[in-house]
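Participant: Here are the chains, one letter per residue:
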Amino acid sequence: MDNLNALLDGFGAVLTPVNLLIALLGVTVGTAVGVLPGIGPAMTVALLLPITYGMQPTQALILFAAIFYGGMYGGSTTSILLNTPGESSSVVTAIEGNKMAKAGRAAQALATAAIGSFVAGTIATLALVFVMPQVVEFAISLGAPEYLAIILVAFVGVSAVLGSSRVRGLASLLVGLTIGLIGIDFVTGQQRMTMGVAQLADGIDVVVVAVGIFAVGEALWVAAHLRRKAAEVIPVGRPWMGKEDWKRSWKPWLRGTAYGFPFGAIPAGGAEVPTFLSYMTEKKLSKHPEQFGKGAIEGVAGPEAANNASAAGTLVPMLALGLPTNATAAIMLAALEGYGLEPGPLLLEKQPDLVWALIASLFIGNTMLLVLNLPLAPAWAKLLQIPRPFLYAGILFFASMGAYAVNSQPFDLWLLLALGLLGFAMRRFGLPVLPLIVGVILGPIAEKQARRSLQLTGGDPSGLIGGPVAWVCYAIIAAVLLWPLVAKLLKARRGGDHHDAETKTEVSV
Amino acid sequence: MTVLVGYVPNAFGEAALTAAVEESQRRQERLLVVNMSRDDVLVDARRAGEEQLARVGRDLAELGTEFEVRQIEEGNDAADALLKVAADEKASVLVIGIRHRSPVGKLLLGSVAQRILLDASCPVLAVKTG
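Just so you know, the sequences run in chain order A and B.
Here the first sequence is numbered in my numbering, starting from 1 and rising by one per residue.
Here the second sequence is numbered in my numbering, starting from 1001 and rising by one per residue.
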């Protein structure tokens, strides 16, 4: 029960007025940005990074985690009311949620989403308490080659498994790895890809990359599509559920949690797959299958729970291995590095106070979110009436200020603009943004592990595949990369064009 | 000649519509109902839904006046949009609903009604709800 004791200590650290205030601020901001389509928790955390460099690491992480959880709650509001998912993970919620809202059951849809998120978030965070230290114990025994292999699995996972197109995912990953290469080689001291520009010698700051790609890129993208017909207001009362709704919701909540947490916890998980699986399961198990497609409450309850459970799950690889599997976790890792803390298996050993305070703050943030979202849902819906030009002008202002604040050099603003244009181009051509940011953050770490293993074996590449863990990892990578080819061959052999009724959801970060 | 009314789906819009119907019957003129929603927001409370506009259409058809219901979905300025329609249609009178605004509210958001009153080239009938 060491874990529980440590967690209680964490609660002790979090329950100070300042920390509670920060958590409240975080969940409020998080819900707000979650509600607004296009502005997600990843962009917000990126924008806040430079500001939080003056704070204590614990407080900054409490803030970020609160924004992360808040974004999940807010995203469901937009999906339900507007059919415009604010987050990629709430795409599935929109299917039934919006139908419910149109049928005048917006209040019940919002309630089942919020309460389901709370239930799933709490259970999954508890699971995190027990699973994460085990993973750390396992990870500490890993050497450089194994660690490299796990990072490569994460690379393949974020680029080939998540998202709709492998080629685009891999292209985005390569762009990220290239950006990560810029700077001085840490072994030989040579300058790489700096093109003689002195400011590039230190590499491009992750903050500038994140703000450029997420904030500036998104703002330019929206500016290019500024005109769009407005939707009507869907009247939202105070969310509530009747007895029948409770009865139909609680099982999907638990099943959604069971899907979401494991998927979030593996380095190639994400929230898209479990939310979709949960939806399919509820459709099959429901006593009212005829209501699916017309606003079935199970179709909101399950995916929403899965979505929040997977958010908690993604913290397992992030805290235990230093591997981000979603954009917000990637930027939180960058923040850790900014504080001079090394993310990875040793984080829990070196900074137990920080890690447990962070996890304790998740419980508190989750409770705050329930309180904040149930009675205030109509107020959040009002946010959608803010004219877009106001929002994006504000985002660009904060983006430029943040990027300049990192090193106080005007050069960074040019970089920001260039990266913003890159982010715009990526959205234009449908390239997902997550692989890029993961490449920028994990690329240098992967390189370090690879060269460390090579140094150990004196340059013999066989040192890269030492150990059973590495073998399993490479087998997984091979399977993932070769699967489409194999599937094609199998299909060709069978000769039929047997098509599954598979609904592909286009997903970008 | 045309009686033009700016319609919004709330009490002010209904009051304006009622007054506009009376006005068009008195003048024996065509009634043009315009609903404007901004195109730079995700959700606009002043946008009238399809069902609402259909209901307005049914009500007007029962009254037997000549009428047209038009929805404007471009631009972000209701005053400009209404004044432009008024000029294009050579409206003989423009009917709008008005409401009380606090000084701070006016400072922050401006007043559509005030700009219409000041800038319109035709007479404006401003209606208050009871």
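Check each hint, because a few of them may be wrong.
As the list claims (entries may be wrong) - Cross-link-like lysine to aspartate or glutamate pairs, in silico, EDC-like; alpha carbons within 20 Å at most:
| no. | chain 1 | residue 1 | chain 2 | residue 2 |
| --- | --- | --- | --- | --- |
| 1 | A | 229 | B | 1080 |
| 2 | A | 283 | A | 244 |
| 3 | A | 229 | B | 1073 |
| 4 | A | 229 | B | 1040 |
| 5 | A | 102 | B | 1074 |
| 6 | B | 1084 | B | 1119 |
| 7 | A | 229 | B | 1077 |
| 8 | A | 229 | B | 1119 |
| 9 | A | 243 | B | 1050 |
| 10 | A | 102 | A | 290 |
As the list claims (entries may be wrong) - Here chain B is said to cover these stretches of chain A; the calculated rule only asks that three of the stretch's residues, wherever they fall, bring their Cβ under 8 Å from a Cβ of chain B:
| no. | segment |
| --- | --- |
| 11 | 423–434 |
| 12 | 459–468 |
Calculated from the structure, these hints are not laboratory results.
We put the CB at the ideal spot given by N, CA and C, even for glycine.
Participant: Now tell me if each hint is right for this structure.
Facilitator: Hint by hint, here is what the structure shows:
no.: 1; hint: A:229 with B:1080; verdict: holds (17 Å)
no.: 2; hint: A:283 with A:244; verdict: holds (17 Å)
no.: 3; hint: A:229 with B:1073; verdict: holds (6 Å)
no.: 4; hint: A:229 with B:1040; verdict: holds (8 Å)
no.: 5; hint: A:102 with B:1074; verdict: violated (24 Å)
no.: 6; hint: B:1084 with B:1119; verdict: holds (11 Å)
no.: 7; hint: A:229 with B:1077; verdict: holds (14 Å)
no.: 8; hint: A:229 with B:1119; verdict: violated (26 Å)
no.: 9; hint: A:243 with B:1050; verdict: violated (33 Å)
no.: 10; hint: A:102 with A:290; verdict: holds (17 Å)
no.: 11; hint: 423–434; verdict: violated (count 0)
no.: 12; hint: 459–468; verdict: violated (count 0)
Hints 5, 8, 9, 11, 12, counting from the list given before, are not met by this structure.
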